[in-house]
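With chain B's structure known, arrange chain Z on it following the hints.
There are 2 protein chains.
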Amino acid sequence: MSSQPANANRQILLAERPSGEPRESSFRLAEGPVPDPGEDEVLVRSLFLSVDPYMRGRMRDVKSYAPPIQLDEVMVGGVVGEVVRSNQSGLETGDIVLGMLGWQDYAVAKPGQLHKLDPRIQPISLALGVLGMPGLTAYFGLLDIGQPKDGETVVVSAASGAVGAVVGQIAKIKGCRVVGTAGSDAKVEYIMNELGFDAGINYKTAGNLGAALDAACPAGIDVYFDNVGGPLTDAVIARINERARLIICGQISQYNAEKPEMGPRNLFHFIRARARMEGFLIFDHAARYAEGQAALGQWIVDGKIKYREDVMDGLENAPKAFIRMLRGENFGKQLVHVADPSA
Amino acid sequence: MSSQPANANRQILLAERPSGEPRESSFRLAEGPVPDPGEDEVLVRSLFLSVDPYMRGRMRDVKSYAPPIQLDEVMVGGVVGEVVRSNQSGLETGDIVLGMLGWQDYAVAKPGQLHKLDPRIQPISLALGVLGMPGLTAYFGLLDIGQPKDGETVVVSAASGAVGAVVGQIAKIKGCRVVGTAGSDAKVEYIMNELGFDAGINYKTAGNLGAALDAACPAGIDVYFDNVGGPLTDAVIARINERARLIICGQISQYNAEKPEMGPRNLFHFIRARARMEGFLIFDHAARYAEGQAALGQWIVDGKIKYREDVMDGLENAPKAFIRMLRGENFGKQLVHVADPSA
Chain B
358 MSSQPANANR
368 QILLAERPSG
378 EPRESSFRLA
388 EGPVPDPGED
398 EVLVRSLFLS
408 VDPYMRGRMR
418 DVKSYAPPIQ
428 LDEVMVGGVV
438 GEVVRSNQSG
448 LETGDIVLGM
458 LGWQDYAVAK
468 PGQLHKLDPR
478 IQPISLALGV
488 LGMPGLTAYF
498 GLLDIGQPKD
508 GETVVVSAAS
518 GAVGAVVGQI
528 AKIKGCRVVG
538 TAGSDAKVEY
548 IMNELGFDAG
558 INYKTAGNLG
568 AALDAACPAG
578 IDVYFDNVGG
588 PLTDAVIARI
598 NERARLIICG
608 QISQYNAEKP
618 EMGPRNLFHF
628 IRARARMEGF
638 LIFDHAARYA
648 EGQAALGQWI
658 VDGKIKYRED
668 VMDGLENAPK
678 AFIRMLRGEN
688 FGKQLVHVAD
698 PSA
Chain Z
358 MSSQPANANR
368 QILLAERPSG
378 EPRESSFRLA
388 EGPVPDPGED
398 EVLVRSLFLS
408 VDPYMRGRMR
418 DVKSYAPPIQ
428 LDEVMVGGVV
438 GEVVRSNQSG
448 LETGDIVLGM
458 LGWQDYAVAK
468 PGQLHKLDPR
478 IQPISLALGV
488 LGMPGLTAYF
498 GLLDIGQPKD
508 GETVVVSAAS
518 GAVGAVVGQI
528 AKIKGCRVVG
538 TAGSDAKVEY
548 IMNELGFDAG
558 INYKTAGNLG
568 AALDAACPAG
578 IDVYFDNVGG
588 PLTDAVIARI
598 NERARLIICG
608 QISQYNAEKP
618 EMGPRNLFHF
628 IRARARMEGF
638 LIFDHAARYA
648 EGQAALGQWI
658 VDGKIKYRED
668 VMDGLENAPK
678 AFIRMLRGEN
688 FGKQLVHVAD
698 PSA
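Respectively, the protein sequence lines represent chains B and Z.
Each position in the first sequence, counted from 1, maps to that position plus 357 in our numbering.
Each position in the second sequence, counted from 1, maps to that position plus 357 in our numbering.
Chain B extracted, bound-state conformation (with noise of 0.2 Å):
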């Protein structure tokens, strides 16, 4: 394949606020040209866009932790690419880089907007995986607010998912019983057989989930990293024990609600065992990547932590993708492949 820029970019659009679940029809695709780097920008073709959870609160019109994305603008997102023209000093063309330039087959960034990747490591989609967002996500929710101790009991919410695996894994490490729950019966395979967890939950097949948790965790629940909510969070918090820590990472069962789902007041729980709940997000940790990174990248070449990939070919369906990872149809960290590096 070649490494010379096409005559076209490819860009998806927001073309509506969806109401509920978006549908594909709440993305357009467009094509222009492909933009030409100023002084001290880098021209970088996507190889791999990572569709995440988060980008379903980024397309509300809201005040939040970031600016809503605009009708008609580019769907935000990390990307793996490769650098094609550089008029900055330290990048060259061939390099791979990491950075937020959104779906579309070209971007252009500034000084300061990309993060160079070592090659050696291998595949460079880690970088939207264990060893970039979702896995410093889990490695410093886990540790910072959690603080998971030897024998203690961890539960994790979307065990299979880009985040959640690597929690339980870190927990497993830490000397935890470590239950996950997931949403078919071969992701708690994988999570029990392949990453080491005690034991599993299918939420969609369990029927009564707080006689599901108490079979699961029969000493209680001393930490839970949510990244779901619901009706599973409710039943985790009648059953935590005293001093138990709860990271609310993510509540992914609720970024379809136009208005929030009711459920029971149980906040007595937190006063009954003085449990403490924080709410997480990666960006606060930026100053501490590297120290992450290091870490996870020693437990990858170790094999105590292992991962899965989903990837859906074609930028053009980078909207299906993050559809079906909302509905939670992908199984491993949801991808989607653009193109290939030209070494």
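If you are wondering where the hints come from, they were derived from the structure by calculation, not from laboratory data.
Possibly wrong hints are sitting among the right ones.
Derived DEER-like restraints, expressed as beta-carbon distance ranges [what the hints assert, rightly or not]:
| id | chain 1 | residue 1 | chain 2 | residue 2 | range |
| --- | --- | --- | --- | --- | --- |
| 1 | Z | 572 | B | 418 | 47 to 57 Å |
| 2 | B | 644 | Z | 469 | 20 to 30 Å |
| 3 | Z | 659 | B | 420 | 34 to 44 Å |
| 4 | B | 677 | Z | 684 | 55 to 65 Å |
| 5 | Z | 645 | B | 577 | 25 to 35 Å |
Using 20 Å as the maximum straight-line C-alpha spacing, the simulated DMTMM-like pairs for lysine to aspartate or glutamate come out as follows [as the list claims (entries may be wrong)]:
| id | chain 1 | residue 1 | chain 2 | residue 2 |
| --- | --- | --- | --- | --- |
| 6 | B | 616 | Z | 555 |
| 7 | Z | 561 | Z | 378 |
| 8 | Z | 420 | B | 599 |
| 9 | B | 420 | Z | 378 |
| 10 | Z | 420 | B | 591 |
| 11 | Z | 531 | Z | 555 |
| 12 | B | 420 | Z | 618 |
| 13 | B | 420 | Z | 599 |
| 14 | Z | 661 | Z | 591 |
| 15 | B | 616 | Z | 618 |
Glycine residues also receive a C-beta, built at the ideal position from the N, C-alpha and C atoms.
Then chain Z, alone, in the frame of chain B:
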């Protein structure tokens, strides 16, 4: 009045586990002989009883941080009393003491169950209020978990109550904008005019609680000290600032519910704000009570902390006092006056 034991000891027993709001018939007045203190034991005559929201939880037959009161057992509770007979060195007839002696005229205490009070600190009932469990709850809950900083906005619910009034006044000492909620205009006027709160909300007449909070907290909410729970807490959570701290100390709006009320799922606000919430129980801080009492005592002397008591007369009226306190009909720390000291 005489300090000699009478021939009868009246006791208020738990007669039923109430469903919903306790009634007077949930309790029963029994009369028995005044007990004899054994070796190393002390006979104490009750002077003041405390009635507190936590007792509603103890009437329920569920596992919690403390065992439930059994049917036909004496209601638990803190008491300020006078030693009327002592077989224990270090305690003498006439000493004023604090202990968890329950709703009765007389109790026998074993070594370690009584705390001798400094009779110079007046009124002696302060040991059940600002200088006792409620004041210490405010002190450690606000300062340890809430960590209020100069210029931040602190919201406290049940703000004219035994805990809330102290929370708000400590927050003022720390330089915060302090907003309290209470259930009558008189209470709101009291916290603003007497206690120096910056704003007050009568939650019963405010209508839209969110709009009332917006008006009272133009810079959002940094610290929330919750004694109440329910819709007010929902409205606060929707307005927490980045890095907000929430102390869950009580949920009095929920204590009579036989099954959990439903409320909006709102954990995404914790992610948005990277907020921290923690449940609080004063008993965890027993090793530091002296520190808290010293600070609170000094603030009282300096006029920086004011207090208000709502005293009902007669042991037989303890159930009435308890029921009205649960309804929020008390105005200030609810006490029951049982007898006067002999001196």
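Tested hints:
1. Range check, residue 572 of chain Z to residue 418 of chain B: about 24 Å between beta-carbon atoms, so the 47 to 57 Å window is missed.
2. The beta-carbon spacing between residue 644 of chain B and residue 469 of chain Z, approximately 49 Å, falls outside the hinted interval of 20 to 30 Å.
3. Residue 659 of chain Z and residue 420 of chain B have their C-beta atoms about 42 Å apart, which keeps the hinted 34 to 44 Å range intact.
4. One distance hint, 55 to 65 Å for the beta-carbon pair residue 677 of chain B and residue 684 of chain Z, holds here, with the actual separation near 57 Å.
5. Taken as a hint, the range 25 to 35 Å holds for the pair residue 645 of chain Z and residue 577 of chain B, whose Cβ atoms sit roughly 27 Å apart.
6. For a cut-off of 20 Å, the pair hint linking residue 616 of chain B to residue 555 of chain Z is broken: about 33 Å separates their Cα positions.
7. For the proposed pair residue 561 of chain Z and residue 378 of chain Z, the alpha carbon gap of about 19 Å is at most 20 Å, so the pair holds.
8. Only pairs whose Cα atoms come within 20 Å are accepted, and residue 420 of chain Z paired with residue 599 of chain B is accepted, the gap being roughly 12 Å.
9. In summary, the hint linking residue 420 of chain B to residue 378 of chain Z is not supported, as the alpha carbons are separated by about 41 Å, beyond the 20 Å threshold.
10. Between the alpha carbons of residue 420 of chain Z and residue 591 of chain B the distance comes to roughly 18 Å, so the proposed pair stays at or under 20 Å and holds.
11. A hinted pair counts as satisfied when its Cα atoms are at most 20 Å apart, and residue 531 of chain Z with residue 555 of chain Z qualifies at roughly 13 Å.
12. Distance restraint check for residue 420 of chain B and residue 618 of chain Z: the Cα-Cα separation of roughly 29 Å exceeds the 20 Å cut-off, and the hinted pair is therefore not satisfied.
13. For the proposed pair residue 420 of chain B and residue 599 of chain Z, the alpha carbon gap of about 12 Å is at most 20 Å, so the pair holds.
14. Proximity of residue 661 of chain Z to residue 591 of chain Z is assessed by CA-CA distance (about 31 Å); at most 20 Å being required, the pair is judged violated.
15. Restraint check for residue 616 of chain B and residue 618 of chain Z: satisfied, since their Cα atoms lie roughly 18 Å apart, inside the 20 Å limit.
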